[in-house]
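Participant: Protein chains in written order, with the working numbering: chain A, 2 to 126; chain B, 511 to 1029; chain C, 63 to 509.
I should point out that these hints are in silico values taken from the structure, not numbers from a laboratory.
As the structure is a computational prediction, the values presented were derived from the model and not from experiment.
For glycine and all other residues, C-beta sits at the position ideal for the given N, C-alpha and C.
Heads up, a few of these hints could be off.
Residues from chain A shown here face chain C by an in silico Cβ test under 8 Å; the list is partial [claimed, not checked]:
hint, residue
1, 58
2, 62
3, 63
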Amino acid sequence: MSEIRYTKSHEWIRIDGDVATVGITAFAAEALGDVVYVEVPTAGKALAKGKEAAVVESVKAASEVYAPVSGTVVEGNQALADDPALVNRDAAGDGWFFKLTIADKGELADLLDQAAYDQLVAESH
Amino acid sequence: MNEWSKAIGNFTAGTGTSGTYSGHRGLQIEEPLLFERDSEGRCGVDLPEPPKARNRLGAHARKGKIGLPGISEPEIVRHFTRLSQKNYAIDTGLYPLGSCTMKHNPRLNEKMARLPGFADIHPLQPVSTVQGALAVIDQLAHWLKVLTGMPAVAMSPAAGAHGELCGMMAIRAAHDAKGERRNKVLVAESAHGTNPATAAACGFTVEAVPANERGRVDLAAMKAQLGPDVAAVMLTNPNTCGLFETEIREIADAVHAAGAYFYCDGANFNAIVGRVRPADLGVDVMHINLHKTFSTPHGGGGPGAGPVVLAQSLAPFAPLPWVVHGKNGFEVLEKAEGAASQAFGRLKGFHGQMGMFVRALAYMMSHGADGLRQVASDAVLNANYILASLKDDMTAPFEGPCMHEALFDDRFLKDTGVTTLDIAKALIDEGFHPMTMYFPLVVRGALLIEPTETESKATLDRFIGVLKALAAEARDGKVEKFRAAPVLTPRRRLDETGAARQPVLRWTPAGEAERNAAE
Amino acid sequence: MRYLPLTEAERQEMLAVIGVPSVDALFRDVPKAAWRDAPFDLPPHQGELQVERALAKLAGQNVPAGSVPSFLGAGAYRHHVPATVDHMIQRGEFMTSYTPYQPEVTQGTLQYLFEFQTQVALITGMDVANASMYDGASATAEAVMMANRITRRTKAVISGGLHPHYRETTATHAHFAGFTVEQFAPNPSADEDLAAAIDDKTSCVVVQNPDFFGRVRDYSDLAAAAHAKGALLVVVVNEIVSLGAIVPPGEMGADIVAAEGQSIGNPLTFGGPHVGLFATREKYVRQMPGRLVGQTVDADGRRGWVLTLSTREQHIRREKATSNICTNSGLCALAFTIHMSLLGETGFTGLAALNHAHASLLADKLAAVPGVSVLNDGFFNEFTLALPKPAAEVVEALVAKDVLAGVPVSRLYPDRPELANLLLVAATETNTEADMDEFAAKLREVL
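One chain only, chain A, in its complex shape (with noise of 0.2 Å):
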């Protein structure tokens, strides 16, 4: 049964055991534009909760997308590479980003639940 956390820079992630993914939202990619550019981490590569581990660009803008937690990338989306409107088509499923292991499954303790990342979106139009 996965559960799925929200950060408050928009990124999602569900967890599947000791395996997340991580992606960005809806509201996030809508605000971006067309995503025409992403650059995910490569397999083995060490994340740090709060750090820097994928970029998305649009055409107008350009965007760093933050680990959620810490843990170790487990796989890229290859397919973001090729295609990256996939990211604007379905941001909370195939748009998916990257994967990793969990390092410490208490650091996701402070992200957001669904109700309060609605909350969240709610509060920022």
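Start from chain A and add chains B and C according to the hints.
Facilitator: For chains B and C alone, kept in the frame of chain A given last:
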């Protein structure tokens, strides 16, 4: 359908989207790339036969073709003439880009720059043979020092951003000379992107200073951010919201009290030139964009020049070379020794943008002190006229008066479905280049208008009238018209997403073949 | 005043609309201490005639390179620019237009920059080029910083054959941006072993071809040595006409090319404005500094061009930008494009052949002067002369005899007495055989 490739070579009539057989529409001529022409055997120059001489290239001689097309002179003239006709320019009409100062580019400047005594001199000729050139640099430096009240100026930077680099490097060098490690630079939130980029390039970390509700730097916030690790504060005055920083002397005092330097981005100097001296505001270092305030042409993206005026505390660190008065006339100091022993190094080859120096000096001499004072007055008058005339039709985030540029935000478009971008594109159909959009970042959907002093009241009235009408149409729900704009231009809106996803950054024979096959 | 359209009556009307009594009221935010009532202590306005007289007088105090036999190079070269070029760049639609941020009304600029990018890629043998830099020196510094970003290393190895101004500019950036440079000493008489200096901390090795002393080399082996250690090869070109005659950097395995394009389309202008060229391999394109023009289509499906990959640049990426560059060298790039299109394949290679032949001829004439020797075995259009006494004195003596003889190496290397007798001599298509004979004869006289 590739009308352009059909218009040359094997010509077959068809109408496509142009409605004509040729693909041209009256004076709007479609022009292919240079490389899309049959080129065997043509050349646009006549070269003499080389004299008989030993070939010393040996194995290093190029093998194989480069792939450049050969084209005759008449075809080249036509090619570039046609391209020019697709461009909007200051010579065409109002170009109200904020902080760009798109003023008239006098042709006298061009004539002077082309005098052989200026254009045909090599930078490394013996100094005795270029005293006039060095005198130009010296005189221009003098004008810049008097206009800014600063005692020194570094002449070599090639553009505003290059000047920023120069100024920030001088600041770093000054702190290093005192043995102080200060790694942080505070940059106004509303700053032009070059400011933080420059600070980072000098090895500083950047922290933003917020603006207050009056659109000026939040002095209290800045004071809280100042500390022994702050090397400098980078501000623009007037700022990018078009407002004079009312507390600028307090800002300067606080910066100096904290042991830091005050960098002023001089992009908006046109608002105060000949009227106010940055030295009197407490500025330590400021770059000046000769291609903005001093009328050298923008050229489609340069060349520019960004000399940097410096306070006495920073003057010793100015980069090489230095043009100085010597025993036998002007000299060029190219080594970090003697007076220039603390110079922080060199930022480019040779001496600086001499061609732009001549142009700027011709402009300064033409206007004189009285004319330059009038430049600032008229620039500020024109911007305020626009602000006052449009404040009921559009929304201004800050109360006037403004300086040389007027800032609006997109609240007047709320619930219309029309965006700032759409307004800009509709303006294009009206024969105006759009204002700056979405900058500064401190307001939503910014529209920043800098008319400059070289626009007539008649032009401003027409511009104002058009904006009033467009604002009204947006309120009336004419969303589709805005979304479709521009429709009257050589090209409609272009697919920037596609361009970035699949970058095609040059012509290739393979690309050409692919396009032909696609028909 | 001829540049100010507003009349007094109009100013008053406008003030009334704004609702203030005078323009001074609009400056009310200026602190009292900075308020100045009178114009500054500078001359008053002047008409064209007066300005022309004053500037013509200053211009008359310079010796134009074309007025005497002149053989200076060292990074700036006197070439003949066809009349068409200067006419076309003065068209107001080119000269007074801005950076093409609104592509629908600047397809002219965007198309010529696309053509420029293509020309630069073709002549350097690289995949992609940008829309220009300030000059060759700053382009070189940017190339090193790009190599640092790509390899995530911070040490550059730099040949002693790199132009001293380029070396100094790179060193300046190194000092402030926090990377290091291993700088080989200039040595016109010996080869340097750059490969031995490359290790797994090296981001790039930088060479110039032809080098500062005029020597032409093949750097393919050096490219392989660099790549074997995960480093990049940066090749610098001072005299872009050389690419019409010699193997280009792209065919030697270069990863980045930084060059000075002044020789094509742009007069000497005392060293500026010139035009930096910058080219690289496709895989590195997102790390490139500077503007890039890309091809696309418009809403009607018609081909057009736009500035692209802008998220690398300062106006979007701000402190994370690949460079802080904004304004570059647009009109000089246009001049380059027009001149290059007039030349075409046969003209460009023909011009290069002419330059080489002239330099070769000159070298033979000068080598025949007693006490003088040409150090180079091979060169393109510039070579190093060894004189029997300090070259700077010889050059001054020749100025008195109305010859601009070349650039004494000591002008650029004042702290290297071992190089003081060396003179850099360049010959282009603009030097006649009579010029060359005069130079040789007068050189004989002063030695």
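Participant: Tell me if the interface restraint on residue 62/A is satisfied: Cβ within less than 8 Å of some Cβ in chain C.
Facilitator: 6 Å, holds
Participant: Does the interface hint hold: is residue 58/A within less than 8 Å of chain C, judged Cβ to Cβ?
Facilitator: Holds: closest Cβ of chain C sits about 4 Å from residue 58/A, inside 8 Å.
Participant: Would the stated hint for residue 63/A survive a check requiring a Cβ distance to chain C of less than 8 Å?
Facilitator: Status holds, d = 4 Å.
Hint compliance for this structure: no hint is broken.
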